[in-house]
Amino acid sequence: MRMISQHCFLVSKTPNICLLQWTNQIRFILIQNRAGKTRLAKWYMQFDDDEKQKLIEEVHAVVTVRDAKHTNFVEFRNFKIIYRRYAGLYFCICVDVNDNNLAYLEAIHNFVEVLNEYFHNVCELDLVFNFYKVYTVVDEMFLAGEIRETSQTKVLKQLLMLQSLE
Amino acid sequence: MPAPIRLRELIRTIRTARTQAEEREMIQKECAAIRSSFREEDNTYRCRNVAKLLYMHMLGYPAHFGQLECLKLIASQKFTDKRIGYLGAMLLLDERQDVHLLMTNCIKNDLNHSTQYVQGLALCTLGCMGSSEMCRDLAGEVEKLLKTSNSYLRKKAALCAVHVIRKVPELMEMFLPATKNLLNEKNHGVLHTSVVLLTEMCERSPDMLSHFRKLVPQLVRILKNLIMSGYSPEHDVSGISDPFLQVRILRLLRILGRNDDDSSEAMNDILAQVATNTETSKNVGNAILYETVLTIMDIKSESGLRVLAINILGRFLLNNDKNIRYVALTSLLKTVQTDHNAVQRHRSTIVDCLKDLDVSIKRRAMELSFALVNGNNIRGMMKELLYFLDSCEPEFKADCASGIFLAAEKYAPSKRWHIDTIMRVLTTAGSYVRDDAVPNLIQLITNSMEMHAYTVQKLYKAILGDYSQQPLVQVASWCMGEYGDLLISGQCEEEEPVQVTEEEVLDILESVLISNMSASVTRGYALTAIMKLSTRFTCTVNRIKKVVSIYGSSIDVELQQRAVEYNALFKKYDHMRSALLERMPVMEKVTTNGPTEIVQTNGETEPAVLETKPPPSGLQPTSQANDLLDLLGGNDITPVIPTAPTSKPASAGGELLDLLGDLNLTGIPSITAYSKNGLKIEFTFERSNTNPSVTVITIQASNSTELDMTDFVFQAAVPKTFQLQLLSPSSSSIPAFNTGTITQVIKVLNPQKQQLRMRIKLTYNHKGSAMQDLAEVNNFPPQSWQ
Numbered sequence: 012m013r014m015i016s017q018h019c020f021l022v023s024k025t026p027n028i029c030l031l032q033w034t035n036q037i038r039f040i041l042i043q044n045r046a047g048k049t050r051l052a053k054w055y056m057q058f059d060d061d062e063k064q065k066l067i068e069e070v071h072a073v074v075t076v077r078d079a080k081h082t083n084f085v086e087f088r089n090f091k092i093i094y095r096r097y098a099g100l101y102f103c104i105c106v107d108v109n110d111n112n113l114a115y116l117e118a119i120h121n122f123v124e125v126l127n128e129y130f131h132n133v134c135e136l137d138l139v140f141n142f143y144k145v146y147t148v149v150d151e152m153f154l155a156g157e158i159r160e161t162s163q164t165k166v167l168k169q170l171l172m173l174q175s176l177e
Numbered sequence: 003m004p005a006p007i008r009l010r011e012l013i014r015t016i017r018t019a020r021t022q023a024e025e026r027e028m029i030q031k032e033c034a035a036i037r038s039s040f041r042e043e044d045n046t047y048r049c050r051n052v053a054k055l056l057y058m059h060m061l062g063y064p065a066h067f068g069q070l071e072c073l074k075l076i077a078s079q080k081f082t083d084k085r086i087g088y089l090g091a092m093l094l095l096d097e098r099q100d101v102h103l104l105m106t107n108c109i110k111n112d113l114n115h116s117t118q119y120v121q122g123l124a125l126c127t128l129g130c131m132g133s134s135e136m137c138r139d140l141a142g143e144v145e146k147l148l149k150t151s152n153s154y155l156r157k158k159a160a161l162c163a164v165h166v167i168r169k170v171p172e173l174m175e176m177f178l179p180a181t182k183n184l185l186n187e188k189n190h191g192v193l194h195t196s197v198v199l200l201t202e203m204c205e206r207s208p209d210m211l212s213h214f215r216k217l218v219p220q221l222v223r224i225l226k227n228l229i230m231s232g233y234s235p236e237h238d239v240s241g242i243s244d245p246f247l248q249v250r251i252l253r254l255l256r257i258l259g260r261n262d263d264d265s266s267e268a269m270n271d272i273l274a275q276v277a278t279n280t281e282t283s284k285n286v287g288n289a290i291l292y293e294t295v296l297t298i299m300d301i302k303s304e305s306g307l308r309v310l311a312i313n314i315l316g317r318f319l320l321n322n323d324k325n326i327r328y329v330a331l332t333s334l335l336k337t338v339q340t341d342h343n344a345v346q347r348h349r350s351t352i353v354d355c356l357k358d359l360d361v362s363i364k365r366r367a368m369e370l371s372f373a374l375v376n377g378n379n380i381r382g383m384m385k386e387l388l389y390f391l392d393s394c395e396p397e398f399k400a401d402c403a404s405g406i407f408l409a410a411e412k413y414a415p416s417k418r419w420h421i422d423t424i425m426r427v428l429t430t431a432g433s434y435v436r437d438d439a440v441p442n443l444i445q446l447i448t449n450s451m452e453m454h455a456y457t458v459q460k461l462y463k464a465i466l467g468d469y470s471q472q473p474l475v476q477v478a479s480w481c482m483g484e485y486g487d488l489l490i491s492g493q494c495e496e497e498e499p500v501q502v503t504e505e506e507v508l509d510i511l512e513s514v515l516i517s518n519m520s521a522s523v524t525r526g527y528a529l530t531a532i533m534k535l536s537t538r539f540t541c542t543v544n545r546i547k548k549v550v551s552i553y554g555s556s557i558d559v560e561l562q563q564r565a566v567e568y569n570a571l572f573k574k575y576d577h578m579r580s581a582l583l584e585r586m587p588v589m590e591k592v593t594t595n596g597p598t599e600i601v602q603t604n605g606e607t608e609p610a611v612l613e614t615k616p617p618p619s620g621l622q623p624t625s626q627a628n629d630l631l632d633l634l635g636g637n638d639i640t641p642v643i644p645t646a647p648t649s650k651p652a653s654a655g656g657e658l659l660d661l662l663g664d665l666n667l668t669g670i671p672s673i674t675a676y677s678k679n680g681l682k683i684e685f686t687f688e689r690s691n692t693n694p695s696v697t698v699i700t701i702q703a704s705n706s707t708e709l710d711m712t713d714f715v716f717q718a719a720v721p722k723t724f725q726l727q728l729l730s731p732s733s734s735s736i737p738a739f740n741t742g743t744i745t746q747v748i749k750v751l752n753p754q755k756q757q758l759r760m761r762i763k764l765t766y767n768h769k770g771s772a773m774q775d776l777a778e779v780n781n782f783p784p785q786s787w788q
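Chains as they are written, first to last, in this note's numbering: chain A, 12 to 177; chain B, 3 to 788.
A portion of the hints provided could be inaccurate.
Rough simulated footprint, nothing fancy, chain B against chain A, three-plus residues with beta-carbon under 8 angstroms [said to hold, decoys possible]: (1) 101 to 115; (2) 143 to 155; (3) 168 to 174.
Quick caveat, the hints were computed from the structure, so don't treat them as lab data.
Just so it is clear, the structure is predicted and the values come from calculations on it, not from any experiment.
We put the CB at the ideal spot given by N, CA and C, even for glycine.
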C-alpha cells in the first residue's frame with residue numbers, strides 16, 4: 012500500500028489519477044468555448060466531481076493560451092491533450108502519452124464533420140440547445156474510450172434512425 | 003400545477019441572464035420546480051425535467067437529486083425516456099454511489115430487448131461507466147451479443163467487452179471463443195472494434211498474446227486489401243481508405259511482433275509497402291506513416307526497414323506542418339540510442355529545428371541535439387547550441403547550459419576551446435547556470451595549468467563591465483585570487499596580454515564586495531580572493547589589510563567571520579600567512595553514483611559489446627531507492643541506485659583481479675554482515691592505495707538451506723557524508739547447500755573518514771515465496787574506514 016502511494020506521489024497529487032496510468036485509451040472528450048463554458052464533457056474514466064471541475068479548468072487554461080504557432084498537442088499532467096480549434100470552440104481529446112497524435116487529430120476532424128452534417132452547418136448554439144443529441148453523436152462514434160465507428164455515412168444513418176424514434 | 007417549461011425555454015431563459023448571480027437565481031428557481039415535480043411522481047414530464055437538470059449540471063450546478071429519477075426513466079418503456087435516463091446515468095452516476103447497482107437489472111433486460119437501439123443504449127452505458135460488479139454480472143450478456151449477426155450491436159458489444167476486460171481482467175477468458183471469427187468480418191466498423199478488442203487482450207495477458215500470434219498472416223492480408231483496393235466511399239478520408247482501421251491494425255501488429263522473430267518477418271513486406279505507398283500530402287497519410295514507423299522501431303525488423311523508418315522521420319522534419327515536426331522529433335529522441343548512425347544523417351535538419359517558433363519543438367530539438375553531439379561534430383554543434391542559448395526562452399537556459407557543459411567535458415577538442423566555451427556560457431546565460439557548475443568549472447581550471455594566465459585574463463575582461471551574473475563573478479573572483487600574480491605580470495601566450503595593475507584588480511574585487519547585486523556567497527568569494535592576493539601582490543598589502551578589517555564588523559555573519567579570521571592572520575599569525583594562502587593543489591574529480599562503466603561514444607567508434615541481460619537490480623531503481631529511503635526513515639541517509647551492466651558479465655574472480663591493480667591487500671579482517679534464515683553475507687575489505695578515502699567492499703552471499711534462492715537483490719544505503727557505488731552482481735541466484743555464492747562489489751567514498759555504517763535491504767525468492775529483510779551493519783572494523 013505504501014509503495015503504491017509513493018508511486019502516486021511521484022506522478023500526481025490525486026491518488027485516483029495515477030491508478031489509471033497504464034491504459035491506452037481516451038480519458039475524456041471536452042468541447043469548450045473560448046470563455047471556458049463546457050459544451051460537452053464525456054468522461055471515460057472515474058473522476059470525482061471536483062476533480063472533473065479542476066480538469067476542465069486546467070484544460071481550458073492550457074489550451075486557450077496557444078495560437079497558430081503552436082502544435083496541436085499539449086503535455087498535460089501525465090497524459091496528452093490533442094485539441095483543435097473550430098471557430099470559437101475547442102475540441103479536446105485527452106489520451107495516453109504513447110498514443111498516435113496524428114490519428115486522434117483525424118478523429119476529431121471526423122467527429123466535427125459528422126456534427127456539421129447532422130446539424131446542417133453546425134454552430135455553437137446548435138450544440139447548446141441540443142446537448143443531448145450531441146452526446147448521442149459522441150456515443151455513436153466513441154465507446155469505452157476507443158474510436159468505434161469511423162464511417163461518416165454509417166454514423167449519420169444511425170443518427171437519423173434514432174431521431175425518427177423520438 | 004402548470005406543465006414544467008420545455009428544455010428550449012429554459013436554455014433560452016438562462017442565456018439571457020447577464021450576471022452570475024442572476025443565472026444562479028434562475029437555476030435555483032427551476033431546481034425547486036423540478037424537485038416538486040419529482041415528488042409528484044409525474045411520468046409524463048419526468049423526461050423533460052431530467053433533461054433540464056442535465057443541462058444545469060453541464061453548467062456546473064449540483065444535480066444529484068435527479069439520480070433516482072434517471073433510474074426510473076431507464077425502467078420506462080418509452081425510447082425517449084430511456085435515452086435521457088441513460089444519458090443521466092452516464093453523467094450523474096459513477097462507481098462510488100451504490101445507487102448505480104440498481105441499474106444492473108434494467109441494463110440486463112435492455113440488453114435482451116427486441117429493439118436494437120435499446121440494446122445499443124444499454125451497451126453504451128455499460129461500456130462507459132460500468133463498475134466491476136456490474137461488469138461481472140453482465141459479462142455473459144455482452145458475450146452473447148458479441149456473437150449476434152447484427153453488426154450494429156457487434157461493434158458496441160466488442161468495445162463494451164474491452165471495458166469489461168479493463169475493469170475485471172479475470173473475465174478475459176470468457177470472451178475468447180467469441181473472438182475466433184472476429185477478423186473474418188467484412189464490415190469495417192466491426193473489424194475496427196474487433197481489432198481493438200484483440201489489442202486489449204494481447205496487452206493484458208502474455209498467454210493471449212502467444213495465442214493470437216497466429217493471426218498475423220490474416221491481419222497482413224486485411225491491411226494489404228485496404229491499401230490495394232480502390233476507392234471506397236464509405237470509409238474514405240482524403241483518398242485513403244479507412245485510415246483509422248489501418249492505424250489500429252498496425253498497432254496490433256506492433257504488439258504481436260514485439261520480441262518475436264517469426265511474426266516480425268511476416269510483417270516486413272507489408273510494412274515496407276505501407277511505408278512507400280502511402281500518400282503524404284495530408285495529415286491522414288502522415289498519421290499512418292507515423293504508426294508504421296513506431297511499429298518498425300518496436301519489432302525485430304531488418305536494418306533496411308529501420309533505415310527506411312528513420313528516413314521517413316527525417317522527411318517529417320522538413321514538413322511545413324509543425325505537428326508533424328513535433329511528432330518526428332519525439333520519435334527520433336526515442337530511437338537515437340539504438341539507431342544512432344541513421345539519426346546522425348539528419349543532424350542538420352534537427353539543428354535547424356532549434357530555430358522553430360514552437361516551444362515544445364525547440365525543447366525536443368535541443369534534447370536531440372545533445373544526444374547527437376560527438377567528437378567529430380562538436381565544434382559545429384557547439385556553435386549552433388551557443389547561438390541557441392543566446393536566443394532561447396529563460397526556461398531552457400538552465401538545461402541548455404548544463405547540457406553544453408556535459409558535452410564540452412566529454413568531447414572538448416582542446417583545453418582552450420573548453421574554457422572558451424564555458425566562458426561564453428557564463429557570459430550569455432550566467433544567471434541560469436546551475437549551482438554545481440561553479441565548483442566544476444573551478445576544478446577544470448585548476449587542472450589546466452598552462453591556461454591559467456589566459457583564463458584569468460579572459461575572466462577579468464568579462465567582469466570588467468558587468469558583474470551582475472553571480473556564477474561568472476564567483477569563478478572570476480576565485481581565479482583572480484589564485485592567479486592574480488599572473489594577471490599583473492602581463493604574461494599570456496594564448497592572446498594579447500592586458501596591462502593590469504594591482505590597484506585595478508583590487509578595484510574590481512572591492513566593487514563586487516560593495517555592489518547590491520552580489521549575493522552573499524559571491525561576496526565571500528571576493529573577500530577570500532582579496533585576502534589571497536596579499537601574498538601575491540607586493541605594493542598593495544596595506545590596502546588589503548584595510549579592506550579586510552572593515553568587514554570585521556559586517557552584518558553578514560559569514561563575511562564577518564572570514565574578515566575576523568583573516569585579520570587574525572595578519573596580526574598574530576603573519577608567519578603562517580604565505581603558507582596558508584599558497585596556490586591550491588590540483589583538485590581531484592569527485593566520484594559520483596553514475597554508470598561510469600558504460601562508455602558513451604555517441605556513434606563515433608564501433609560501440610562496445612553492450613548486449614547483456616539487464617541486472618535484476620536495474621529495474622525501476624528510483625522507486626526502490628525511494629522505498630529504501632522511506633523504510634530507513636532518516637534524513638541523513640542517501641539511497642543507492644545500482645549501476646547499469648558492464649560490457650562483460652564478470653565472474654567473481656575477474657572482478658577482483660580488475661581491482662587488484664591499485665589495491666592494498668592489508669590484513670583487514672572480514673566480517674559477517676548478515677546471517678539469518680540460512681542466508682549469510684560476508685564483507686571483505688580492501689583500501690585503495692591511490693585514494694585513501696575509498697574502501698572497496700566485496701560481499702559474498704551464501705545459502706545454507708536446501709533450496710535455491712532466486713532473484714536475489716542486494717541494496718545498500720549509507721549516511722549522507724559517504725558516497726556509494728554498487729557494481730553489478732555476479733548472478734542473481736544463490737544455489738543451496740553452500741555450493742556457490744553471489745559476489746558483488748561496493749565502493750565507498752569516505753572523505754570525512756567517519757565511522758562506516760550501512761543499512762542493507764535484501765529481497766529474494768525462496769521456497770516459492772518472496773522474502774524481504776532489512777538489517778543494519780555496524781561491525782565494520784576500524785581499519786576499513788580510518
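Point to revise | Violating hint indices (sorted, rising) | key: The structure breaks none of the hints.
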